[in-house]
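K.L.:
Using the sequences and the accompanying hints, generate a full structural model.
Number of protein chains: 2
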Amino acid sequence: MEEKNYESVGEFKDKIKQLEEIIGYTFKDKSLLLAAITHRSFVAEYHKKIQDYEVLEFLGDAVISLIISEILIKQFPYAREGELSQYRSAIVSEAYLSKLARNVNFQDFVLISKGEKYQKGAERESLLCDVFEAVFGAIYTDCQYNLDIPREIFNKNFKEIVINDIQQENLPRDYKSLLQIETQRLYGKIPTYKLISSEGPEHDKTFTVECHVEEIKTTGKGKSKKEAEAKAAKEAFKKLKSEGKQE
Amino acid sequence: MEEKNYESVGEFKDKIKQLEEIIGYTFKDKSLLLAAITHRSFVAEYHKKIQDYEVLEFLGDAVISLIISEILIKQFPYAREGELSQYRSAIVSEAYLSKLARNVNFQDFVLISKGEKYQKGAERESLLCDVFEAVFGAIYTDCQYNLDIPREIFNKNFKEIVINDIQQENLPRDYKSLLQIETQRLYGKIPTYKLISSEGPEHDKTFTVECHVEEIKTTGKGKSKKEAEAKAAKEAFKKLKSEGKQE
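Residue numbers (the UniProt record's numbering), protein chains in the order written: chain V, 1 to 247; chain F, 1 to 247.
Some hints could be false.
Just so you know, same-sequence chains aren't split out, so a pair can sit in one copy or run between any two.
25 Å max Cα-Cα, derived DSS-like pairs, lysine-lysine [to be verified]:
# : residue 1 : residue 2
1 : Lys189    : Lys205
2 : Lys194    : Lys238
3 : Lys176    : Lys48
4 : Lys223    : Lys189
5 : Lys74     : Lys28
6 : Lys99     : Lys231
7 : Lys74     : Lys49
Because the hints were derived from the structure by calculation, they are not lab data. As the structure is a computational prediction, the values presented were derived from the model and not from experiment.
P.N.:
See the structure below:
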């Protein structure tokens, strides 16, 4: 993160200001927020030196995980660890964080290459989730690792939504875990996942994964192996349930 | 975490004091530290109401992950996200955190049932890793979610060891990832893992997992499925390398 984006901040001044207003935080170092919305593909295309979001995402991932852990512990003081962990992994997931990002229109701010944009790259879940995490990594860096600030920003913007989604059972379900619990109960076995193919250009691959357990075999497609596995697991879980294997 | 351990703090006064000296932190609420070293098996056996470490471990896991992320970013300002993530997952692993725990003799403080103790429970990696995380969860809770305190404690006790282990390449290797990278390169496939058996009493199960990819089939045993998979992956990785599949 040593190469800063100072040179380019002026050019994206309006975008940065608008985003600051949405988040409710004014950056001392605007180049951090610029980096947080910059996808790797944009770096190659852009005519000036610019930093992408990847390291900020690495940091933001840990920041959000801790903030969510605190929310959960305070909200459910009598919950056991297993339940809290299930909530946390459902919340700190691509599917859910990208939903929160969409809530505040982060998709309008992402800087990606023209090629990626054409493929609706900015709308892809994983990219939005990355940017969401990177923005919190940027806030945390900007306030010199004082967690109070990103925690306050998160709580003000998203805490109520998160708690509401927990109560309404609106969290994405982790079908890989659900399936595994179910097949262990029924067959004493866990499903296996096999990568069948990965097609398309480097920046826009589609992965196909096969999920297999006993007589059940399903496939899932996705923009990441994780996504493809989750879809294959969901299909297998539905099959298991529809075949009435409840005994 | 609402049921406190106040009743039992007196009984374990010396243990708590000794541990506080090792860590270099004096708890306002001693019952938190007592909970952090209490394994579930001890709760059943003990004659008073006592809280186990599980929720503190859930929190501590996120605390340590953030502290490690900061150390890595400051230490390697030019590293890419991929490299940082690899370091982080190697450090925030059962194998590595239990090593740090052993460094400060946490194994002497764990409260477990007589049955577990007989099976050398306290020395098991996963338990030590749990307690290590729980202690940091307890510190974080005790200082009312002020990250500065656990960060300072961690850095004073462990930062130098961690940085040294990175530089000396002493971090545990993630054989599942290494194997996957290698088999994708060679066969365009990822390995599959199958649970073959889980044997022994509930609190002391041994899992056997089979790893399979192309003509290579290995097994691994461990106290958790994760550990068994890692061992099977390590064997498969070694096989792949010894057969000279470097083309």
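K.L.:
Please go over all the hints and tell whether each is borne out by the structure.
P.N.:
Each hint, compared with the structure:
1. Lys189 - Lys205: between (31 Å within a copy, 15 Å between copies)
2. Lys194 - Lys238: both (19 Å within a copy, 21 Å between copies)
3. Lys176 - Lys48: neither (43 Å within a copy, 39 Å between copies)
4. Lys223 - Lys189: between (28 Å within a copy, 17 Å between copies)
5. Lys74 - Lys28: So Lys74 and Lys28 pass the 25 Å test across copies only (19 Å; inside, 31 Å).
6. Lys99 - Lys231: Classified as within: same-chain Cα gap 18 Å, cross-chain 37 Å, threshold 25 Å.
7. Lys74 - Lys49: The answer is between: 22 Å across copies meets 25 Å, while 43 Å in one copy does not.
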